[in-house]
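> Construct all of the structure, not just a fragment, from the sequences and the given hints.
Chains as they are written, first to last, in this note's numbering: chain P, 1 to 111; chain Y, 112 to 224.
Keep in mind that the hints are not guaranteed to be accurate.
[Said to hold, decoys possible] As a list, the in silico DSS-like pairs of lysine-lysine whose alpha-carbon atoms are at most 25 angstroms apart: (1) Y:Lys212 / P:Lys59; (2) P:Lys26 / Y:Lys168; (3) P:Lys98 / Y:Lys182; (4) Y:Lys176 / P:Lys98; (5) Y:Lys212 / Y:Lys180; (6) Y:Lys212 / P:Lys98; (7) P:Lys68 / P:Lys50; (8) Y:Lys212 / P:Lys50; (9) P:Lys68 / Y:Lys212.
[To be verified] Between beta-carbon pairs, the in silico distance windows are: (10) P:Gln1 / Y:Lys212: 18 to 26 angstroms; (11) Y:Ser207 / P:Asp17: 33 to 41 angstroms; (12) Y:Pro150 / P:Lys26: 22 to 30 angstroms.
Bear in mind the hints are in silico, worked out from the structure with no lab data behind them. Where a beta carbon is used, it is the ideal one built from N, C-alpha and C, also for glycine.
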Amino acid sequence: QQPVQSPQAVILREGEDAVINCSSSKALYSVHWYRQKHGEAPVFLMILLKGGEQKGHDKISASFNEKKQQSSLYLTASQLSYSGTYFCGTENEAAGNKLTFGGGTRVLVKP
Amino acid sequence: EAQVTQNPRYLITVTGKKLTVTCSQNMNHEYMSWYRQDPGLGLRQIYYSMNVEVTDKGDVPEGYKVSRKEKRNFPLILESPSPNQTSLYFCASSLSGTLQKQYFGPGTRLTVT
Numbered sequence: 001q002q003p004v005q006s007p008q009a010v011i012l013r014e015g016e017d018a019v020i021n022c023s024s025s026k027a028l029y030s031v032h033w034y035r036q037k038h039g040e041a042p043v044f045l046m047i048l049l050k051g052g053e054q055k056g057h058d059k060i061s062a063s064f065n066e067k068k069q070q071s072s073l074y075l076t077a078s079q080l081s082y083s084g085t086y087f088c089g090t091e092n093e094a095a096g097n098k099l100t101f102g103g104g105t106r107v108l109v110k111p
Numbered sequence: 112e113a114q115v116t117q118n119p120r121y122l123i124t125v126t127g128k129k130l131t132v133t134c135s136q137n138m139n140h141e142y143m144s145w146y147r148q149d150p151g152l153g154l155r156q157i158y159y160s161m162n163v164e165v166t167d168k169g170d171v172p173e174g175y176k177v178s179r180k181e182k183r184n185f186p187l188i189l190e191s192p193s194p195n196q197t198s199l200y201f202c203a204s205s206l207s208g209t210l211q212k213q214y215f216g217p218g219t220r221l222t223v224t
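Structure below.
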């Protein structure tokens with residue numbers, strides 16, 4: 001079953017912040033985050049492993065709450081280059097090596 | 112340059128005509144995977160391979176076959192394509208599994224009429 005991402009879309013002004021959530025109905029072992037620009041392939045942002053860690057990539061960071069079976073991606077002081085569709089991918093404990101992606105969150109950053 | 116290549120990039124075919132989409136990586140990665148992308152559904156995994164001669168089903172394997180005879184290649188085979196397999200297909204690879212970043216190929220847009 002695919003993880004659920006929310007919101008489905010968000011429009012930001014440059015410099016604003018946003019949070020994208022990814023929730024699963026299954027116990028998770030890892031969460032991946034990717035960004036895809038229109039007409040391009042997805043590009044890796046970060047992986048979070050079981051253990052509740054938080055990671056950062058420039059001004060994009062993420063957290064993983066394994067008890068709640070969810071992860072959040074934080075876009076801080078957004079830049080025009082942050083526009084794109086963000087996908088979370090989850091690996092659950094019962095089905096190792098299988099990555100299941102959410103439906104995506106479309107982000108548009110305006111000047 | 113480290114990359115994942117796919118061919119063809121675009122393909123229009125008819126129902127029932129067997130086709131193969133090739134995928135190759137030059138990074139000596141053990142893990143390779145195929146996804147299809149449809150609007151609103153995100154990326155859905157079709158098949159993955161942990162190494163040569165080791166393949167396993169993803170979430171949507173019906174109607175697809177794969178093989179992994181060499182480490183660098185992971186072709187996707189549609190024995191009898193149907194219109195519901197019209198989609199954007201991505202091949203991806205990573206060093207040794209799902210705990211490393213995946214590198215995606217440029218995608219293959221397939222239309223089955």
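> Which constraints among the numbered hints does this structure fail? Numbers only, ascending.
Of the numbered hints given earlier, the structure breaks none, since each of them holds.
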